[in-house]
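Student: Letter by letter, the chains look like this.
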Amino acid sequence: MKYEKIEELLSAMWEKTGLGRLGTGTADSPETAVTGAAAAAVHQQIQSSDLAFVKVPADRGRHLIMDLRDHFGFTHLVFLTASDYIESGVFTLTYMLHSYTRHWDIGVQIDLPREGSTMESIHDLWAQAATYQRELREMFGIDFPGSPRIDEPFILEGWDDVPPMRREFDTKEYSERTFFPRPGRSTNDPAGYMRQKLYPKE
Amino acid sequence: MEVNLPLKIAYAALSLFIALNYGLLLTSTVARIRARVQGRIGIRIFQPYLDIIKNNAKRTSITHGVMFYLGPVFRIAGGVGTFLFIPMIYDSVMFSNFSFSGDVLLVVYFIFFGQLGMALGAGEGGHPYSAIGVSRGLAQMTAFEVPFTLSIIALAVQYNTLSISEIVSAQQGGIMSWSLFTNPLATAAAIIAFLGMSMHNPFSVVMAPQEIPIGPPTEYHSNYLGMLQTNRAIFNAAKLLLYMNLFFGGAVNLPIMIVKTFLLYMINVVVGVSFPRFRVEQSIRFFLGIPTVIGLLGLLTVIW
Amino acid sequence: MSEHETNRQLEQDSVREVMEAMMTYPGKADAGDTVLFCDARPKVEKPYRGIIEKFLNWARANSLWVLGFGTGCGAIELRPLMTSRYDASRFGVAGRPTPRQASVFIIGGYASVKTLKRIIRSYEQMQNPKFVIGLGSCTINGGMYWDSYNTINRLDHYIPVDVYVTGCMPRPEAILAGFVKLQELIRAGKAEKANEYAENFDWYKANQKKIIKNWDMPDYSW
Chain A
1 MKYEKIEELL SAMWEKTGLG RLGTGTADSP ETAVTGAAAA AVHQQIQSSD
51 LAFVKVPADR GRHLIMDLRD HFGFTHLVFL TASDYIESGV FTLTYMLHSY
101 TRHWDIGVQI DLPREGSTME SIHDLWAQAA TYQRELREMF GIDFPGSPRI
151 DEPFILEGWD DVPPMRREFD TKEYSERTFF PRPGRSTNDP AGYMRQKLYP
201 KE
Chain B
1 MEVNLPLKIA YAALSLFIAL NYGLLLTSTV ARIRARVQGR IGIRIFQPYL
51 DIIKNNAKRT SITHGVMFYL GPVFRIAGGV GTFLFIPMIY DSVMFSNFSF
101 SGDVLLVVYF IFFGQLGMAL GAGEGGHPYS AIGVSRGLAQ MTAFEVPFTL
151 SIIALAVQYN TLSISEIVSA QQGGIMSWSL FTNPLATAAA IIAFLGMSMH
201 NPFSVVMAPQ EIPIGPPTEY HSNYLGMLQT NRAIFNAAKL LLYMNLFFGG
251 AVNLPIMIVK TFLLYMINVV VGVSFPRFRV EQSIRFFLGI PTVIGLLGLL
301 TVIW
Chain C
1 MSEHETNRQL EQDSVREVME AMMTYPGKAD AGDTVLFCDA RPKVEKPYRG
51 IIEKFLNWAR ANSLWVLGFG TGCGAIELRP LMTSRYDASR FGVAGRPTPR
101 QASVFIIGGY ASVKTLKRII RSYEQMQNPK FVIGLGSCTI NGGMYWDSYN
151 TINRLDHYIP VDVYVTGCMP RPEAILAGFV KLQELIRAGK AEKANEYAEN
201 FDWYKANQKK IIKNWDMPDY SW
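Protein chains in written order, with this note's numbering: chain A, 1 to 202; chain B, 1 to 304; chain C, 1 to 222.
Keep in mind the hints are simulated off the structure, nothing from the lab.
Please note that a few of the clues may not be correct.
[Stated by the list, open to error] Derived BS3-like pairs (lysine-lysine); straight-line CA-CA distance at most 30 Å:
1) LYS114/C <-> LYS54/C
2) LYS43/C <-> LYS172/A
3) LYS117/C <-> LYS172/A
4) LYS114/C <-> LYS213/C
[Claimed, not checked] Going by beta-carbon spacing under 7 Å, a handful of chain C positions derived as facing chain B:
5) GLU45
6) ALA59
7) ARG60
8) ASN62
9) SER63
10) MET82
11) SER84
12) ASP87
13) ARG90
14) THR98
15) ARG100
16) ASN128
17) ASN141
18) ASN195
On a predicted model such as this, the values are computed, not experimentally measured, just so you know.
Cβ coordinates follow ideal geometry from the N, Cα and C atoms, glycine included.
Turn these sequences into a full structure, and let the hints steer you where they fit.
Tutor: Structural data, given as structure tokens:
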């Protein structure tokens, strides 16, 4: 199906998923769903003519990704990553999908709670997602039940502390406690040097 | 030539010493030539000596049992045994070693014997890569033995003798009486087998450092490795001497021996630097193909 | 698991069984035993004295065999070192693929906890006398990754180090200077860190076990 602009594709996508119809707006301001039970949780942001982000609730995420892959031609999974918004208390997963024919990117974002977070696995849609999911399980603690080898340690062997990419984990303090820092370390960081020169009393 | 036995043993030890030094210096000289061709300086001439001294000067070594220790012993026994039955200089009292009639077959046996002993020892080492290397080496060895033995039999039938000294004496009298010209097909088959025997490219998959770290000698270190390195020099010299005696007319004095064996070794090196590696099944298929046919033709031309 | 994954698991298991059956080492269990690990400790090997040791040290200094284990980013500087322009082979340096035959271990760059476990295992399999060169600032004080949760800060608390070469990464000329310094140390008889490892074995082992939490190998991988 021919879509001239990414907005058209996105509105066709919202219609198909039945998550609600979007209100009107410009490309810069986010638009939210007008109707539907998922009113507050659906969100769209068009960054440029070939990049857009959509936010959906966690239980509709996999279905949306499957639709994008099967019906809208976004057959390439670029990455799956997570961001830790400790101020809002959520992890935001981002699935970036790419279409070979149209050269557009769509990022599907899903908010998960920071404790006990799980998400459906998509390793049967793309096999490489299994590796991304192992990394997220190790670094953030997000579980993807059913993903192959999800329980095995990925990079950190014998890690028994907090998953390290979480923002409450203080990596500097951990390094000083566990490894043996060599005293007498100095830095030539330019920002520190200039601050020292310009404001020597502080 | 009736010399008493202790004197003969002393002369054999002297020629073994010369062969050992010659083998070590040959390796480093050719490595230096290869380095100069590549535009760099290359290893020192005395580097193989330093390597052997360093290996023997290691203070610890791990043994995996009696068979592990006997592997290099068999190997060096094969090398020294091969060497001692090949006359180094034709018709010389000092450097005839222990050659007697029938030593062609004995030498061919000793070439095989070292690899077999190594197989037993390397398997005992417990490293799976040693076992893979050993199976590759033995498979390749059985393949190149076919054209080699065919050409040896061709020579034996042609000169009607199984003694290397008599084969050498039959080739005296000018260049045209070398086996190279009287039986070129047998020589061709044997030279191709020589490439397989010396484990240079394209047949180096057994010993190459990038392949399953270096095959059979994987687990060997310290004194054992020193023994294996010493053996490599002696064995190289022995094989070169054998080929020189059988196919290129032998040598009547030391400088001619050095020149002929050096040129023979350069055949190996030139082919070695020009080719990539074969897999084991490719080399087996190669040896049992055209070189065997050439050897058979060489044999047939002599019989009829 | 899909059928493809089960087949792969079966294949891996069978390969592991074959390799386990082929290997022999003291302490390997026969059928029916509980598995024991060899609990040998490294021993201090006294060097010879006088002119013999001088001669042997000269031979060791001029024939350095480097273990071919590219530990970190230093490995990318070792490759030009072996080629025509910088030519380490005129110093007697050659690469060996197995720790049994190597005498120099070059730790190039940062050592994560996972790599450190393999470094220790390879280092302990090398034979006395053995030398370690640490490349880059990450081996000295943690370098760029000084506050990382996964990389070590001081290499010489885990294995003894003979020569540090500063840089990030040091250029091949700097690594050659490091080799020359190591040769001077060996000839002066000061490069006996393998014996120091045997003497302070408990301290090194305690440091190693502090950070390597899944310790599933022998205490000393002889």
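Student: Run every hint past the structure and note whether it holds.
Tutor: Tested hints:
no.	hint	result
1	LYS114/C <-> LYS54/C	39 Å, violated
2	LYS43/C <-> LYS172/A	38 Å, violated
3	LYS117/C <-> LYS172/A	22 Å, holds
4	LYS114/C <-> LYS213/C	10 Å, holds
5	GLU45	4 Å, holds
6	ALA59	4 Å, holds
7	ARG60	5 Å, holds
8	ASN62	5 Å, holds
9	SER63	4 Å, holds
10	MET82	10 Å, violated
11	SER84	4 Å, holds
12	ASP87	4 Å, holds
13	ARG90	4 Å, holds
14	THR98	5 Å, holds
15	ARG100	4 Å, holds
16	ASN128	5 Å, holds
17	ASN141	32 Å, violated
18	ASN195	9 Å, violated
Hint check: violations occur at hints 1, 2, 10, 17 and 18; the rest are consistent with the structure.
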